[in-house]
Amino acid sequence: MHIALFEPEIAGNVGAVLRLGACLGVDVDLIEPLGFVWDDRRVRRAAMDYIDHVKVTRHADFGVFQAAMGSQRLVLFTTKSESSIYDFHFAPDDVLLFGKESAGVPIEVAGACEARVRIPMRPQVRSMNLASSAALALGEALRQTGTLPGGLRA
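Per full-length UniProt numbering, the very first residue in the sequence shown carries number 1; after that it's consecutive.
Since the hints were made in silico from the structure, they are not lab data.
On a predicted model such as this, the values are computed, not experimentally measured, just so you know.
Errors might be hidden in some of the hints.
As the list claims (entries may be wrong) - Simulated DEER-style distance windows between Cβ atoms: (1) Leu-148 to Ala-67: 27 to 33 Å; (2) Gly-25 to Pro-123: 30 to 36 Å; (3) Val-37 to Pro-120: 34 to 40 Å; (4) Pro-149 to Val-64: 25 to 31 Å; (5) Gly-111 to Pro-149: 31 to 37 Å; (6) Trp-38 to Ser-102: 28 to 34 Å.
Glycine is no exception: its CB is placed at the ideal position from the N, C-alpha and C atoms.
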């Protein structure tokens, strides 16, 4: 399983997702351009020393990312879906794709994804923080697939 961030804009969110990947044993893919200068100090502030325990791959654009993922299923997390992550059936080799904080993903990227799901939330709010969304989504995907780290079972 992978977490992929499409053109992330906030270094702190990327750092938090890197820490999440390190803790749960999941690779993180960053699809450029990034909305900040890749600077270890800024990313490390949120990731702390966990950044040394996660495989991070930077991709020049979405096409390069798609080629690298091959036949793995892309699951897009979007507020524009009516399908709940809790009704969706994840697979161990899924790529969990999250859009940029300000705008999500463009239509052509959404169209390239095999599935689109959303995290249920109250209608009075627009969206969750990127790192919080990734944590909820990854936790559910790993629980469903029986791949939680440390031999723990859901």
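Tested hints:
1. Leu-148 to Ala-67: 27 to 33 Å: The hint (27 to 33 Å, Cβ to Cβ) holds, given that Leu-148 and Ala-67 are roughly 30 Å apart.
2. Gly-25 to Pro-123: 30 to 36 Å: Holds: the Cβ-Cβ distance is about 35 Å, inside 30 to 36 Å.
3. Val-37 to Pro-120: 34 to 40 Å: holds (35 Å)
4. Pro-149 to Val-64: 25 to 31 Å: holds (29 Å)
5. Gly-111 to Pro-149: 31 to 37 Å: Taking Cβ atoms as reference, Gly-111 and Pro-149 lie about 33 Å apart, which means the hint holds.
6. Trp-38 to Ser-102: 28 to 34 Å: 19 Å Cβ-Cβ, so the 28 to 34 Å window is violated.
Checked against the numbered hints given earlier, this structure breaks only hint 6.
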